[in-house]
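Trainee: Protein sequence lines correspond, in order, to chains A and B. Our numbering puts the first residue of the first sequence at 1019, with every later residue one more than the last. Our numbering puts the first residue of the second sequence at 72, with every later residue one more than the last.
Take the hints with a grain of salt, since some may be wrong.
[Claimed, not checked] In silico DSBU-like links for lysine-lysine, alpha-carbon gap of 35 Å or less:
#, chain 1, residue 1, chain 2, residue 2
1, B, K519, A, K1224
2, B, K629, B, K162
3, B, K321, B, K472
4, B, K270, B, K600
5, B, K469, B, K279
6, B, K626, B, K258
7, A, K1224, B, K505
8, A, K1224, A, K1303
9, A, K1224, B, K336
10, B, K614, B, K600
11, A, K1326, B, K600
12, B, K309, B, K336
13, A, K1201, A, K1050
14, B, K498, B, K171
15, B, K600, A, K1224
16, B, K498, B, K634
17, B, K309, B, K279
18, B, K258, B, K472
19, A, K1201, A, K1284
20, B, K498, B, K472
21, A, K1224, B, K443
22, B, K279, B, K505
23, B, K142, A, K1224
24, A, K1326, B, K614
25, A, K1224, B, K334
26, B, K504, B, K472
27, B, K385, B, K321
Just so you know, these hints were derived from the structure itself, not from any lab. All values reported here derive from a predicted model rather than from experimental measurement.
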Amino acid sequence: MTASASMAAADNEPEFDNPDIVGAHARIAAGKALIWAASILFVAALLVQTLYAAGAIGFGFATWRPILYAYALWGIALGVGQVMARGEAGLRALFVLPAALFTLAVAIFPTLFGFYIASLDWNLAALGGPHFNDFDNFVQMFHDPYYWNALANMVFYVVMVLAEYAIAFGLALLLNAEIRARKFFRVAFLIPFMLSPVAVSWMIGKSLMEYRFGPLARLARDFGWQTPAFFAYPWTARFTIEALDAWMWIPFMVILLLAGLQAMSKEVIEAAKVDGASPWQAFWKVTFPLMLPVSITTLLIRIIFKLKLADIVITVTGGGPGGATDTVSSFIYRVYRDRSNVGYGTALAMFYLILIILFLMLLLRIAKRFTRNVV
Amino acid sequence: MKIETYEQIMRAQLSRRRLLQGAAMTGAAAALGTAGGLGGFASPAHAQASGLSDAEKALRKQILQIPGVGKGSPTDADYRKVGELCLAPTKAAIKEGEFKGVELTFMGLNNQNTHDFLFRGFLHSWEEYTGAKINWIDLAQADYNARLQQAISTGTIDWDMLEMGAPFEGDVCGRGLTSEMPDWVKKMIDTEDYVNYLKPPVGTWDGKLYRVSIDGDCHNFNYRTDYFSDKDLAKAWKDAGHKGEWGLPKTWQEVQEVTKFLKGKTIGGQPAWGYLDPPKPWGGFGFYFLASRTTAYAKYPGEAAWLFDPDTMKPRVNNPAFVRAIQDVVDALPYEPPNQINADPNETGFAEFLGGTGSMVVWWGDVGAAAKTSDTSVVGDVCGFSILPGSDDVYNSKTGKWEKPSSGPNYAPNLAYLGWGIYVMKKVDSDDKKHKAAWSAAAHLGGKDLALWTSAYPSGFQCYRNSQHDIDEWVEAGYDRGYITSYLDSQFNSYNHPNAAIEPRIPGIFQYYSLAEDELAKVFAGQEKPQEGADKIAAAWEKLTDQLGREQQIKFYKAALGK
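Work out the full structure, taking the sequences as your base and the hints as a guide.
Mentor: Now the structure itself:
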């Protein structure tokens, strides 16, 4: 019998005479006590260690690992205490509690900790160690031309997602049509997506496009471009990096769009044909609107990945020439790796995270308006 | 691996080669086969030159035959054999099994399968003899700085011995994290044999010695001999009305002139190119290449400082000398291969120059070491070496004026990076046995004879001892006399140059370099004027100095300059 059931059954009896009610009360009290005790233990351990790390007290743990153990213990006690104190409701809570605690530990806490790091003047080579510097890192960021240059480049890269989408849609339509070796092409199209970006950077960016002996450079010469230096001029470098990235990611978009096309009712297209719609009209008036929800999802996922573009840039151009291909991630990488500037690098990353969240929320809102009449 | 076992394997390999490759290879195999005995190789001339005993000479000759110049890359078996043959100093100082039960952790690099890979082999017999065990932390070069700085910053140093470049000494020795070298180690590794520039203050902080050198570094000038002896180019040079004879440029002014002249010319049917700049950032290391173009302008004879004012840490990177060097790069780039703006030092030295593109390049000794031994090099027979070019005038930062030395061009080789060394961490000082074991292992790796072998074979390490400049020794090992003389002279004449520019061993030095690289990339791409870019670099450096602690940086910089 659960605690609530036993309490209901004993409604007519005086509470102090009913052993079930007395037992339930005791269990509830024990559960609450367990939660309180574990919480106090965890908070006390955290407080002691924080004060010790700050140099305010002379005792504490050598590392932060015991705090992790205290957190795990607190989590277990919280689960057990919930069941004891809330009975069936507590049991239901157990379905969510581990996931919530895990999310707290690996997502929410690191994010908050990231904001704390972002508020520090922390250069690993500084003998003084980290120290709080208000919002200086963010002020510095607003005056950092490299960061804004990288953000401007990101606008270009994100806009180019539309071109990638158009190509991907065309390929998805092709693969959805009754063509020969359709299954082969579906697998073959995926190969670029399976390749490591670093491998693509070397194989294509630094080998096939190599100025002296690269086959693509030779081909370009055959077409009349006598100095096929793909990465020597800002716009050619930008477009070439974009082409490399697009080559890898278009297959991913194709797969999503193809899944959408295959899930779409064929009767609607046939009805449009019967009504005399041309292929273009059938696509533009029927297929494209029906595909909007899938398209929006595809574009959003692609944009999220695009905003993290770094590996190809770092490997092929290092952000050059003169920052023309730099991305926010490749710039942050330099700030961290080459300059050990942990506080400032984290500030850049956290601000970028906020920008991404705001941008995606805006996109979702716009997308909702577009798809309202479709879904 | 025991020497007898190794030789058995080698004999077996040679037998197969004899069967497969015929009589020509038999001669080489026979030569190698005779390398096992001691004492049979003494050359009177060599003995006279080096001042070594017959046994020492024989040992050095023996190890230089492992595996033999032109007989392919050395393997782990070779490393082990060389390590075992060079174990005599250890055996003289340490009893067998003396370090039984001691475990040491060594952090080093795994660049191009060298560094730690060699150390493992070299220390194999040391471990067997002493009873100690070494655990390894292998790092890629790109991860090295971050791993080192994070461990220091978070107090999680988990190694007892460290392979480290001198520029990091400010970060590590400056914080008192290293163990002072005992006197017995100084004698064992013969620190007096080091080339002058690697002697203190390099390796020292507050007068205490911490470093066992295993490498020497400087930028030298690599050039194509076929270009500068080409009759057609000589005629074209005359026809174009240039002053003087066609030949190897001696100054940066001449390098500029030759680079501009060569564009549009051909040699051997291929496009001819002059000097190759590496403008693409390279994790901070790219700044060394601008520095090498600058030292002749900025390093004033008699004054050690050239990058900062030592009393204030005010950067000199925006003074007229640096700006002139930056302008030189900007002026030269249009005359270099079209994709040069996207070439980093690695591509410039190895893909371009060793691949046959360009006639002049500055690099560490690796280019010369690889020119004749690398399969990808096509310039091994037409490669020459010298110290860095000079300048007709030099900037005096005290007077703020350019001066023309009466003695001729101002030369100032860039002693970039100062080479790798082995450091023992201070945390072993509390355990006498571990302390002795760690220093014994470090001394073994920094041994005089081992040094000869590492500079003769692919290892990532160059010469750093005077005893390595015995040309006869190299020629006997199989090197061409002209080639090796030119190469070694370019190295040693840089090391021992009275006006050499010394590396500033201050904490965070690669942060300074990395900041400069970003700004220089904009200048080279034409987005900023050289002076504007240089001023921005100086401003960024000032800010970084404040962040790292100006007073502390001044103290470290002066210590690095030996003040």
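Trainee: It remains to establish, for every hint, whether it holds in the given structure.
Mentor: Taking the hints in turn, this is what the structure says about them:
{"no.": "1", "hint": "B:K519 to A:K1224", "verdict": "violated, 41 Å"}
{"no.": "2", "hint": "B:K629 to B:K162", "verdict": "violated, 40 Å"}
{"no.": "3", "hint": "B:K321 to B:K472", "verdict": "holds, 23 Å"}
{"no.": "4", "hint": "B:K270 to B:K600", "verdict": "violated, 40 Å"}
{"no.": "5", "hint": "B:K469 to B:K279", "verdict": "holds, 32 Å"}
{"no.": "6", "hint": "B:K626 to B:K258", "verdict": "holds, 30 Å"}
{"no.": "7", "hint": "A:K1224 to B:K505", "verdict": "violated, 47 Å"}
{"no.": "8", "hint": "A:K1224 to A:K1303", "verdict": "violated, 44 Å"}
{"no.": "9", "hint": "A:K1224 to B:K336", "verdict": "holds, 26 Å"}
{"no.": "10", "hint": "B:K614 to B:K600", "verdict": "holds, 21 Å"}
{"no.": "11", "hint": "A:K1326 to B:K600", "verdict": "holds, 32 Å"}
{"no.": "12", "hint": "B:K309 to B:K336", "verdict": "holds, 14 Å"}
{"no.": "13", "hint": "A:K1201 to A:K1050", "verdict": "violated, 60 Å"}
{"no.": "14", "hint": "B:K498 to B:K171", "verdict": "holds, 19 Å"}
{"no.": "15", "hint": "B:K600 to A:K1224", "verdict": "holds, 29 Å"}
{"no.": "16", "hint": "B:K498 to B:K634", "verdict": "holds, 28 Å"}
{"no.": "17", "hint": "B:K309 to B:K279", "verdict": "violated, 57 Å"}
{"no.": "18", "hint": "B:K258 to B:K472", "verdict": "violated, 46 Å"}
{"no.": "19", "hint": "A:K1201 to A:K1284", "verdict": "holds, 20 Å"}
{"no.": "20", "hint": "B:K498 to B:K472", "verdict": "violated, 50 Å"}
{"no.": "21", "hint": "A:K1224 to B:K443", "verdict": "holds, 25 Å"}
{"no.": "22", "hint": "B:K279 to B:K505", "verdict": "holds, 20 Å"}
{"no.": "23", "hint": "B:K142 to A:K1224", "verdict": "holds, 31 Å"}
{"no.": "24", "hint": "A:K1326 to B:K614", "verdict": "holds, 29 Å"}
{"no.": "25", "hint": "A:K1224 to B:K334", "verdict": "holds, 24 Å"}
{"no.": "26", "hint": "B:K504 to B:K472", "verdict": "violated, 58 Å"}
{"no.": "27", "hint": "B:K385 to B:K321", "verdict": "holds, 31 Å"}
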